[in-house]
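Using the hints, position chain C against chain P.
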Amino acid sequence: VSTAKNHPAHALIGQVLFEYDMPIERGKIREFTSATGNSDPKYCGSMAPIPPTFLATTMHWEPQDPSLAERLGLNLGRVLQGGQEYAFHGPLPRAGDSLHAVTTAESVTVKRNSRGGVMTLIVVLTTFTRPDGSLAAEGRATVIERDTDG
Amino acid sequence: MDSAKVATGAALPERKFGPLTKTDIVRYQGASGDFNPIHHDEAFAAAAGMPGVFSVGMLQAGFLGTYCVELFGPESVRRIAVRFADQVWPGDRLTCRGVVTDVVSTDDGRCAELELSISRAEDGVAVSATATVLLGSELQGTARKGVEHVWTCTGHRRHGRGRRRHGEVVAAPRC
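As you go down the protein sequences, you meet chains P and C in turn. If you're matching positions, the first sequence starts at 43 in my numbering and goes up one per residue. If you're matching positions, the second sequence starts at 35 in my numbering and goes up one per residue.
Bound conformation, chain P alone (with noise of 0.2 Å):
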């Protein structure tokens, strides 16, 4: 593993890609938790509470023009979703809350596969934070881009 001074994204890391505010709604609540077979009636209620990964659904806020991927200067046809994890500090956001999302590239770097691959693996966070200020979320998405074939 080195890091990828090369690749545009290096330039990128700990600039601020995107920043949206991303209101928490029951619908959509309601939405998510149907679409990944999640029936507690927890979440059919006014104060529904976020399920694991419903910060995936910040797809609908995320500024697209220009998107993510021109931004950090993806190859798309070479490019492979390799991870994504999602941590709460604090109480779960829930049904009527908003939250500020900031977007940046944390880390670039580059991996060689046992074939002789190459990979840059860019890891993009998003912080969420409530009104107040204080920390709600962090979602981290890696990325994987193949340089060669292998």
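Because the hints were derived from the structure by calculation, they are not lab data. Please read these numbers as outputs of a predicted model, since none were measured by experiment. All clues given are correct.
To give an idea of the chain P side of the interface with chain C (calculated C-beta under 10 Å), a few residues:
| hint | residue |
| --- | --- |
| 1 | S76 |
| 2 | P93 |
| 3 | Y128 |
Where is the CB? At the ideal position from N, CA and C, for every residue including glycine.
Chain C in isolation, oriented as in the chain P frame:
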């Protein structure tokens, strides 16, 4: 799940999902906002060299989230990290499995570290995950007045030992 029975090494009961339909995939795409056509447009998938449309990785991650909620409660999950290993196809039957890898005590109750997977019936793991869950959900389950100190289980894992205090938060009204 009876939190008293959660101990290091304990296997979690299996949970099955599916068989997965194209409607399930489209429904998740609408819910999440990920409209990549490779998951619902057969011609697009074929042009990309795929044998057909396939599921969204984050849908399988969502099933693992549901698995945790069913076992430990809607407010239990403090952290979940998924790794995408293999594709899932329409018609697949999926099985979630898990094991407890650690149990730690915090001021807000016991937290369990979990290793999770969701697999296709005939093949290996499609998505693997680790998660931190609060047992008994004392943190969220009871409304407390005024200012409370919140310990997050996430700090334990990230720093390898001990617990990290996450400052003071005002207790929000709860349902």
